[in-house]
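Novice: The lines below spell out each chain.
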Amino acid sequence: MTAGGPSDVRDLQARENRLFLALSILIGVLAGLAAVLFSLAIDRADYLFFGLAPSPLRTFLVPTATGLVAGILLVRVFPGVRGSGVPQTKAAFHLHSGDIPARVPIGKFLMGVLCIGGGHSMGREGPSVQIGAGLASAAARWLRLSPARVRELVPVGAAGALAAAFNTPIAAVLFALEEIIGDMNARLIGSTVVASVASVVVQRSILGDEPLFRVPAYELVHPAELIAYAALGVAGGVISLLFCKSLLALRRAFQRLPSWTVAFQPAIGGAAIGLVLLAVPEVKGVGYEYIDQALNGGLVLQAMLLLAGVKIAATVVSYCSGNAGGIFAPSLFIGAMAGGAIGMAVNGLAPFPTGEPGAYAMVGMGTLFAGIIRAPMTSVFMIFEITQDYQIIVPLMVANLLSFVISQRYQPVPIYEALLRQDGIHLPSASTRTPEGWAARDLMAGDVPFAAPEDPILVAHARGLTSGRPAVLVGTPDRMIGIVTMDRLAAAVEAGRRDEAVHALADTDVVHVHPDHPVDVVLERFADCAGLLPVVSRSDARRVEGAIGLDEITRFASRRGPRRA
Amino acid sequence: MAPHSSCPTCGSALFAGRCLACDTKHWARFLHRELLRLLVLAVIVVAAFLTTRAVAADDERLRRRQALVWFELAQQNLDEGRIDEALTALRRAALKDRENPEYRLALGRTLAASGRDDQARRLLLALREERPEDAEAALALARLEARVGSADTARRYYEAALAALWRPEQAARRRELRLELIDLLLSRDERARALAQLLEVSANIPGEPAVQTAVGQRFLDAGEPRRALGHFSTALREDARRRDALVGAADAAFALGNFAEARRYVSRVEDPDVRVAELAETARLVTEGDPLTARIGAAERRRRLDAALTRAAARLEACAPSQPSDVQADLTAAAIDATTRAAAVRRRGAPLDAIEDGLDLAYRLERRAEMLCPSPDMPLDRALILIGQRRGLGEP
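Respectively, the protein sequence lines represent chains A and B. Position 395 of the first sequence, counted from 1, bears residue number 395 in our numbering, the numbering being contiguous throughout. Position 296 of the second sequence, counted from 1, bears residue number 296 in our numbering, the numbering being contiguous throughout.
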C-alpha cells in the first residue's frame, strides 16, 4: 500500500473519530466547568461591587463605572465579545468553519463577569454558550483537527456550557441542534449528548443536583384552564414581539451614533441602569431570586406587572448599549412575571377552577423563551428541567406554540439572526442550506462592473457599456453600497447630469444572493433584481464575491446536470 | 475525496490541507503529538475541575455567611415588628443557603404569622416532603391549620409531628407539643382523644412542678379531677407555695366534692385574686353550711338547716316578682313553706331525718330558683347547691 492511499485515509479518519469522541467528553467537562466558574465569578463580583445592602450612590455608580471599564476593554482588547454570544457562535459555526479565536472565550468570561456582576440586566447563559464554544474551537485547533471537525466541536462546546449553566442536559442538546446547528437531524447529536452529560455530571458533583428553581408540583386543574393558558400564549407572543422590536430598534439607534461613542455606550447604558436600579432594584443582574418568588406565588399582581415592564426596558438598554451578557435569563424573568400576573387575573376572574399563579408564572417562562429565542422544543424541555415539574407540560406546549406562531408571524427573522443582520452578517437558513446540488457560487461570474460612489455618471455609464451588463454596482468589491441600472444611467446622461456623482442614482436596497444559495433561490431573486444579481458574502453582506446575469443563467441552463462533487 | 493542491515537501496530493504521505511516514511522531496534546488537555481539565471545586467550596462558605447575616437581620426585623422586611431577608437567606432548612422553616412560619397562609402552606408542605422525619414543618403546619380552623387537619399534623424523629434531649419540646395538641382537642370537646394524649404524656414526665401542674390542669379540663389532683399534689410536694398548683388542686378537690381539702389549698394561696377568694368563700360555706356534716352538735345542725331554708326562701321571694302570676303564687307558697320549715327546725328536738328532708327541700328550692332566676346567685346559694349535689339530693 502506498503512502496516502485509501487505507491510510481510513486509518486517519478512524483515528480522528476516536479523538473526536474523547475530545467531546473533555470539551463537555471543560465547558461545564467554565460555565460553573463563570456563574460563581458573577456572584462574587456582585457581592464585591454591591455588598449585601448597597447605598443609593453605590447602586448608581457601580453599573456606570463597570460600563465605562467594559466599554474601553470591549473596544481595545476584546472586540468580539459584546452582547449575548449566541449569534456570534452561530456565525462562527455557519460562516467561519468554527474558528473562534482564543481571546474570545477569555474576553467573554471577563466582560460577562464585569457587566452582569456590575448590575446589568442580562443573562449569563448566552455568554456561557460562547465561552464553551470558544474553548471547544481553541482545543480542536490546538489538537490540529480538520476544519470540519473544528466546526463540529463548536456546538458540542456550546451544549456542554449550556447544560451546566442551567443544569439542563436535554435542553442543552436541543438548543445546540435547534439553534446553533439549525438541524434537529444533525449527525452531531451523539457528540452533543456526550458533552452535555459529561458537563452535567461534573457540574452536579460540584454544585449538587438541586433544580434551578424549587416549585410546588403544579398541574392542570381543569380542562377549561387550557383556554387561560392559550391566552397566556397569545400575551406571551405579544410581549415577545415588544421585546424583540424594542431590542432591535434601540440597537439600531446605538449603531447610528458616531463611532467615537462606541467605547462609552456601555457606560451610558450603565448609568441608565443605575437610575433604574434606584427605583426597581429587583431587575439587577440575572434576577433568579424574583423568578423563584413568582413561581411560588410570593409577589402581588402590581409588582409582577411592574417588574415585567421594567425588566424589558432594562434588558434592552443593557444589551443595546453594548454590554456583554445574554437574554435567556431576562426572557425567563419577564415570562415569569407576565405569566404570574395573568395567573392572578385568571384566578380572580375565571368561572372554573384554576391553578395557582405560580403555575402560570412557570408556563410564562417557557412562553417568552419560545417567543423571543424562537426555540420551541428547547423551551419546553428547559422549563421541565429547571423546575422538574412534568405535570404542567401540556399547558406549556399549548402556550409555547401560540407564542412561537405569533412571534414568527410578526417578526419573521429570529432575534439572533436579526441581530447578526444588523451587523451585516447573513446566516443561512434551513431552507437555503444545501450541502449538495448547484448553488450560486457555481453560476456566478467574477467580472462585475463597479463604479466608485464619487465617479461621474458618465464614467459609470461607460463602464457599464464596456462590461455589457444591464447594471453597475456602486462602491467597491469589499464595500458595495448600491446598484444602478444602465437605463437609469443613460437617462441621466441624456438629461445632462453626466458630471454628477453616481451614488445619487444608486438604489441602496440591493436584491442579492449568497454563495451557498441554491439555484431556485437564485432564480427567484433574479426575477426581482435589476438584471444583475450580486453574490455577497454571508459574513459581510457588503462584500461582493461575484455576480449573476442572464448570461450565467443561460449557460447554467444549457449545461445543467448532476453536480459533480 | 478529491485532492485540492500538492504537498510542498513530497509533492503528494493534499487532503483537507494535510499530506497523508508525510503524516503516515511519521506516524509515530504524529500519533505521539496528538496523544500528548490530548493528555495535556486532560490534565488541564483535571486542574480546572479542582480549581472550580475549590472556588465553589469557597463560594458556598460565603453564601452561608451571607445567609446567616440575612437570617439575623430577619430576626431583628421580626423583633421590631417589620414583617415585610423580615420576609425579604428570610427569602434571601433561604436562597443563599438552600441546604439549611431552618431558613425556609422560619420563612414558612413568618408567612403564616403574616397571614400569607397559601404561600406558607406550600413552602411547609414542600419542606415536609423533603424531610418527613423532621417534626418542625409538621408542627408549623399544625399551628397554621389550627389557626385557620381546620382542626382535623391540624390534629393530623400534630400527630405527625409527634410521630417524627425526636432526639432524647428534645423530650421537653415534644411534651410541649403534645400539650398543644391536648389543648386543641379540649377546645373542640374531643375529651376522649385528649385523655388518650394525657395518659401518654403523664406516663413519663419529670417531677418538675411546672410540668406536673400543666398536666394536672389539662386533666382537670378533661374532666379527670382525681388524676389532676394527683399531679397537683406532686407539684406541691416540690414547691408547696406554687400558686397555680394550689389553685388547681383546690379546683380538683372542689370537683371531687372534697371541700375541706379545697379550703386547705386555697388558704395557702398568697394574694388570692377574686376567683380564688370566691372559691375559698364557697368552700367555707359548704364546709360550714352543711347540716349533715359528721361530728357536729344538734344545735349546730339545726342552725345550719335554718340558715339553708331561710336563704332558699329568700331567694324564691326575690325571684317571684319576675315570674308570671301563676308561677309567682307557686314560688311564694314554696317560700312560705320553707320559712315554716325553718321555724320548725329552730324548735328543739327535730330528728336527723327531718334535717335531711329539710336540706333536700332547701336544695330543690335553690335549684328551682337557679333555673328560673339564674342571677344574682350569692355564695351561699352556690354552696347550698354544692351541698345538695354532694349529698346526692333530688332534683325538683
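Simulated from the structure, these hints should not be mistaken for laboratory data. Fair warning: this is a prediction, and the values are worked out from it, not measured in the lab. Misleading hints may appear alongside valid ones.
If you only want the chain A side, here are some residues facing chain B, beta carbon under 7 Å, derived [stated by the list, open to error]: (1) Val193; (2) Leu301; (3) Ala303.
Label-pair distances were calculated between CB atoms; the ranges are [to be verified]: (4) Asp209(A) / Leu62(B): 14 to 24 Å; (5) Ser97(A) / Glu130(B): 41 to 51 Å; (6) Pro223(A) / Ser150(B): 21 to 31 Å.
To spell it out: a stretch of chain B is covered by chain A in this simulated footprint if at least three of its residues, at any positions, have a beta carbon under 8 Å from a beta carbon of chain A; those stretches are [unchecked claim]: (7) 39 to 46; (8) 121 to 134.
Where a beta carbon is used, it is the ideal one built from N, C-alpha and C, also for glycine.
Novice: If a hint holds in the structure, say so; if it does not, say that too.
Specialist: To see whether the hints hold, each was checked on the structure:
1. Val193: violated, 19 Å
2. Leu301: At 15 Å from the nearest chain B Cβ, Leu301(A) fails the 7 Å test, so the hint is violated.
3. Ala303: Violated, because the Cβ-Cβ distance from Ala303(A) to chain B comes to roughly 12 Å (cut-off 7 Å).
4. Asp209(A) / Leu62(B): 14 to 24 Å: holds, 21 Å
5. Ser97(A) / Glu130(B): 41 to 51 Å: holds, 49 Å
6. Pro223(A) / Ser150(B): 21 to 31 Å: holds, 28 Å
7. 39 to 46: holds (count 4)
8. 121 to 134: holds (count 4)
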